[in-house]
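*Asks:* Residue numbers (the working numbering), protein chains in the order written: chain U, 1 to 225; chain G, 1 to 247; chain V, 1 to 258.
Mixed in with the good hints, there may be bad ones.
[Unchecked claim] Below, computed lysine-lysine pairings styled on DSS-like, alpha-carbon distance capped at 27 Å:
{"hint": "1", "chain 1": "G", "residue 1": "Lys86", "chain 2": "V", "residue 2": "Lys73"}
{"hint": "2", "chain 1": "V", "residue 1": "Lys58", "chain 2": "G", "residue 2": "Lys241"}
{"hint": "3", "chain 1": "V", "residue 1": "Lys58", "chain 2": "G", "residue 2": "Lys240"}
{"hint": "4", "chain 1": "V", "residue 1": "Lys58", "chain 2": "G", "residue 2": "Lys86"}
[What the hints assert, rightly or not] One side only, chain G facing chain U, incomplete, derived with CB under 7 Å:
{"hint": "5", "residue": "Met78"}
{"hint": "6", "residue": "Leu80"}
{"hint": "7", "residue": "Thr128"}
{"hint": "8", "residue": "Ile132"}
{"hint": "9", "residue": "Leu143"}
{"hint": "10", "residue": "Gly146"}
{"hint": "11", "residue": "Ala166"}
{"hint": "12", "residue": "Thr167"}
{"hint": "13", "residue": "Leu170"}
Source of the hints: derived by calculation from the structure; they are not laboratory data.
We put the beta carbon where it would ideally sit given N, CA and C, even for glycine.
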Amino acid sequence: MKTGFWQVTFAVLRKDMLAEMRSRELLSVMGLFALLSVIIFSFALELDREARETAISGVIWVTVAFASIIGLNRSMNSEREQGNFDALLLAPVDRSALFLGKFLGNFLVVLLVGLVLLPLGTLLYNITLIQPWVLLILVLGIFGLSSIGTLLAAMTAQTRARDALLSIAMLPIVLPVLLAAVRATTSIISNEPIENWITWPQILLVVDLIYLVLCFFTFGFVIEE
Amino acid sequence: MAQAKAKDIAQEPTATPSLLRILTLVTVLGVVVALVFALVIAGTDIEQGEVQRIFYVHMPAFFGAFVAFGATVLGGVMYLWKRDPKWDRLAVAGVEVGFALALINLITGSIWARPIWNTWWTWDPRLTSEAIMVLTYAAYMMLRAGIDNVDTRRRFASVYGILAFATVLLVLFIIRVRDDTIHPTVVGNSPQNAQGSFAATSGVVGALMVGLLVWGLIVPVTLMWYRIRLENMLDWVNRKKMEVLSA
Amino acid sequence: MSDSSAVLSIRELVKVYDFVPVLRQLDLDVAQSDCVALLGPNGSGKSTLLRLIAGLIKPSSGTIEIGGWQMPKEAAAVRAQIGMVSHQSLLYGNLTARENLVFFARMYDLPKSERDDRIAALLEQVGLSRRAESLVRTFSRGMQQRLSIARALLHSPHVLLFDEPYSGLDQDAAAMLDEVILRTHQDGQTMMISTHLLERAQRVATRVMILNRGRVVLDQSAAAIAEHQLASVYARAIADNGVVKDSTPASPVTEPAS
Numbered sequence: 001m002k003t004g005f006w007q008v009t010f011a012v013l014r015k016d017m018l019a020e021m022r023s024r025e026l027l028s029v030m031g032l033f034a035l036l037s038v039i040i041f042s043f044a045l046e047l048d049r050e051a052r053e054t055a056i057s058g059v060i061w062v063t064v065a066f067a068s069i070i071g072l073n074r075s076m077n078s079e080r081e082q083g084n085f086d087a088l089l090l091a092p093v094d095r096s097a098l099f100l101g102k103f104l105g106n107f108l109v110v111l112l113v114g115l116v117l118l119p120l121g122t123l124l125y126n127i128t129l130i131q132p133w134v135l136l137i138l139v140l141g142i143f144g145l146s147s148i149g150t151l152l153a154a155m156t157a158q159t160r161a162r163d164a165l166l167s168i169a170m171l172p173i174v175l176p177v178l179l180a181a182v183r184a185t186t187s188i189i190s191n192e193p194i195e196n197w198i199t200w201p202q203i204l205l206v207v208d209l210i211y212l213v214l215c216f217f218t219f220g221f222v223i224e225e
Numbered sequence: 001m002a003q004a005k006a007k008d009i010a011q012e013p014t015a016t017p018s019l020l021r022i023l024t025l026v027t028v029l030g031v032v033v034a035l036v037f038a039l040v041i042a043g044t045d046i047e048q049g050e051v052q053r054i055f056y057v058h059m060p061a062f063f064g065a066f067v068a069f070g071a072t073v074l075g076g077v078m079y080l081w082k083r084d085p086k087w088d089r090l091a092v093a094g095v096e097v098g099f100a101l102a103l104i105n106l107i108t109g110s111i112w113a114r115p116i117w118n119t120w121w122t123w124d125p126r127l128t129s130e131a132i133m134v135l136t137y138a139a140y141m142m143l144r145a146g147i148d149n150v151d152t153r154r155r156f157a158s159v160y161g162i163l164a165f166a167t168v169l170l171v172l173f174i175i176r177v178r179d180d181t182i183h184p185t186v187v188g189n190s191p192q193n194a195q196g197s198f199a200a201t202s203g204v205v206g207a208l209m210v211g212l213l214v215w216g217l218i219v220p221v222t223l224m225w226y227r228i229r230l231e232n233m234l235d236w237v238n239r240k241k242m243e244v245l246s247a
Numbered sequence: 001m002s003d004s005s006a007v008l009s010i011r012e013l014v015k016v017y018d019f020v021p022v023l024r025q026l027d028l029d030v031a032q033s034d035c036v037a038l039l040g041p042n043g044s045g046k047s048t049l050l051r052l053i054a055g056l057i058k059p060s061s062g063t064i065e066i067g068g069w070q071m072p073k074e075a076a077a078v079r080a081q082i083g084m085v086s087h088q089s090l091l092y093g094n095l096t097a098r099e100n101l102v103f104f105a106r107m108y109d110l111p112k113s114e115r116d117d118r119i120a121a122l123l124e125q126v127g128l129s130r131r132a133e134s135l136v137r138t139f140s141r142g143m144q145q146r147l148s149i150a151r152a153l154l155h156s157p158h159v160l161l162f163d164e165p166y167s168g169l170d171q172d173a174a175a176m177l178d179e180v181i182l183r184t185h186q187d188g189q190t191m192m193i194s195t196h197l198l199e200r201a202q203r204v205a206t207r208v209m210i211l212n213r214g215r216v217v218l219d220q221s222a223a224a225i226a227e228h229q230l231a232s233v234y235a236r237a238i239a240d241n242g243v244v245k246d247s248t249p250a251s252p253v254t255e256p257a258s
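Use the sequences and the hints to build the structure in full.
*Replies:* Okay, structure coming up:
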């Protein structure tokens, strides 16, 4: 009787991507925010080369974290506005498949913003960010941000304070992800030897998996009585 | 039927059970004994002097917070499974007691750091992660306050209480992965650049053990028991209020 | 309305919100040919009842059985038998009418071979064929509501539920919605409609059910109620119940959010 797990996951993902391609609501807001944030940081910090090397990874990750919060709020509000959550719950589908679909959509959109940030940071800060290892860290970090973010956004979308509450609830919990991502990025762009920082991607991977499993199994409790 | 169902949600408040009275007495005595151990029996630290004695409260308080936040995880998991509000009462008690103990931990640490590190506060990895942990549980309380429907509130709080424990683990493990902390480690080797370590003599170990027992176990359990009873009473009053309003 | 022919049967259904019983020991059988109008003041439990049947919320106790499947034990099977139209459209504004239906067809696992024909037929039925490729956010309330019906009918549910479908519609749009509802019912669709508009209820329903304080206070065939009499029947049913001395606490005036 139940609709297949992956069919639901990809139906939700396709629906979100189609709506996003049509309206570009998320990408335009997040992209503009990211651009502003990077520029403002570069003004505010007025750094020499050495200081830039240590600061840029912080700038990138703070920007990614806040941009993802903006995107997650929008993405969940689109489900709430017309009661669409109910529509999804009415269907005979696995709740965790709904989570996976929403999560993958958020992940891809935030990743796209992150991918735009790298050349932008390279340009504005004159530090080569486009490196395979940085890309890997970007993927892993955004993966962790999006899984926790998707779960918590579904939760806060149902509260009174909504948008404000998401940042308060999400930032402390994603701290392990941000910490590992920032440290790894800093080490990579300062060309440190790999054995100095390889633990960070490993930690990131472990944290990502733990968070994904936790969110996967608790999502049902968040959207349904 | 509906009546019977509603009764499961909150028990009628009872007089303080004698076990809790005894436990309260034990707690008060325990705190006094732990202070005696810390202030009199343990020897004065040669390097740090008298201020080192604060450690006998500082470290056990974190342990107590750990126990309380652990109770929140247990309460959250059990509530999501059984949907019995008593587990959510355990979870909320854990958060509030843990929050208080974590604050004690931060404040005593700060008082100790003033003479030893020559500053009240520093953005050390362990201190920063603990501050974040405290903020996470503040967010937990805000989340609870932001939801009107009691069932929704309990469900969300359970999920968040489980997730929030990640920050507690971060505080514990950050010393292992970030070697630039100056915070001394109690279990295992302190990082090389730790400032303010000390040797464990028998007096130190004794005072620490008593401190751990009192602050790490007896105090949180007693406080949580009171808090659970209080939450039950609030639910009971709410239920009565709704009954009167809708009669 | 014997048990054997009932598509939907509810036994001793109880729902308690925040210590307050919203539905109390509700029993109900809906036959295949029924179009039930669910009437009652705000907070009488209409909306809660429909949400319980749809599986959006869980009962505190009691059973709901649809097409031989039990809620909430066999929730997925029951969900496959239910279609719901709410006062919200439950549609995605940034997708076209057809894309919305394709998405929900996937969610209900409609075979690909039948999907396009089914969608075309439904769009025709609700009178939106010409707007199939328009974005839903450009639709009027009435058009959204009709598309909503198409969405709810996609998987050929046993029972179609309407939760205040008329709210926000003007006279014309409401009349058009009536037409779609009547036509769908003539096709043999079992329906339950909650509304507070008595004249609309009388126009479309074959059976009138009045809920007050979480109980059924009147359950009659619509034909048994003479034209223009429903208002007085309704007033009497609600008032009678108010007089009955009641030991259990009643629901509050406002509908609790779920």
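*Asks:* Are there hints from earlier that the structure breaks, and if so, what are their numbers?
*Replies:* 5 and 7
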